[in-house]
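J.: These protein sequences, in sequence, are chains U and X.
Once you know that position 28 of the first sequence is 26 in my numbering, the rest is easy, because the numbers rise by one and skip nothing.
Once you know that position 10 of the second sequence is 8 in my numbering, the rest is easy, because the numbers rise by one and skip nothing.
It cannot be assumed that every hint is accurate.
It does not matter which identical chain is meant; a pair holds if it fits inside one copy or across any two.
Once the Cα atoms are required to be at most 20 angstroms apart in a straight line, the calculated PhoX-like pairs of lysine-lysine come out as [stated by the list, open to error]: (1) K75 - K23; (2) K39 - K23; (3) K23 - K47; (4) K13 - K52; (5) K83 - K39; (6) K52 - K83; (7) K13 - K39.
These aren't lab readings, by the way, just hints derived from the structure by calculation.
Predicted, not measured: the structure shown is a model, and the values here were computed from it.
2 protein chains.
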Amino acid sequence: MKVFKSFILSFNSMKYVAKIDVSLKSGHSNPESETTAHLLKELGYQVEKVDTSKVYTIALNASSLAEAEATAEEMSKRLLANPTKDIYTINVVEQ
Amino acid sequence: MKVFKSFILSFNSMKYVAKIDVSLKSGHSNPESETTAHLLKELGYQVEKVDTSKVYTIALNASSLAEAEATAEEMSKRLLANPTKDIYTINVVEQ
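Just chain U, same shape as in the assembly:
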């Protein structure tokens, strides 16, 4: 029965790649951005502003694009982003 279920699951599921970009909400101090901007200016570059973000590229299985997007949203809320301080954007494509 377990094998049969796995077969159904693998038959229905498709591969997706979710890109989840997590960055600090504006107004939160970002020492890494500030240090990078400072160093680039010291090196002589005309830099106005630097922002940094972390991007997670996740290969996952789902039965539809909508399901993959919902899963990526849930993963962001549960693990990847901290809703108190972070904002995130999600972009999912079929592989």
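Take the given structure of chain U and dock chain X to it, following the hints.
T.: Chain X alone, transformed into the frame defined by chain U:
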């Protein structure tokens, strides 16, 4: 004279935004990716692979798109990426 030079500079320069995505070359161990994949699996998600990268979004002044791209390339080589272990992609747009 200094004021005049600044005027010329600001007259010629336009605003660009460079997005520089820095990630580890394949084959290099990435504990953050591995831990994230492990945790997502523990939470019950059908995750195949996780990659992480750091994105620098830099607002800068340049006289042309080509100059802004060349500057972003130089900043990546000099500060943002380590050529021994990192790969990077650059995407510059006019603001």
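J.: Work down the list of hints and note, for each, if the structure agrees.
T.: Results of checking the hints against the structure:
When the C-alpha separation of K75 and K23 is checked against a cutoff of 20 angstroms, the pair qualifies only within one copy, where the shortest distance is 15 angstroms, while the shortest distance between copies is 28 angstroms. Within a single copy, K39 and K23 get their C-alpha atoms no closer than 24 angstroms, and across copies no closer than 28 angstroms, so neither meets the 20 angstroms cut-off. In the homo-oligomer, the alpha carbons of K23 and K47 lie at most 20 angstroms apart inside one protomer (15 angstroms), although the nearest pairing across protomers, at 27 angstroms, exceeds that limit. Proximity of K13 and K52 under a CA criterion of 20 angstroms is satisfied in neither setting, with 23 angstroms inside one chain copy and 24 angstroms between copies.
Taking identical chains as interchangeable, the C-alpha atoms of K83 and K39 are never at most 20 angstroms apart, the minima being 27 angstroms within one chain and 25 angstroms between chains. In this assembly of identical chains, K52 and K83 lie within 20 angstroms of each other by CA distance both inside one copy and across copies; the values are 14 angstroms within and 18 angstroms between. In this assembly of identical chains, K13 and K39 lie within 20 angstroms of each other by CA distance solely across copies; the values are 16 angstroms between and 43 angstroms within a copy.
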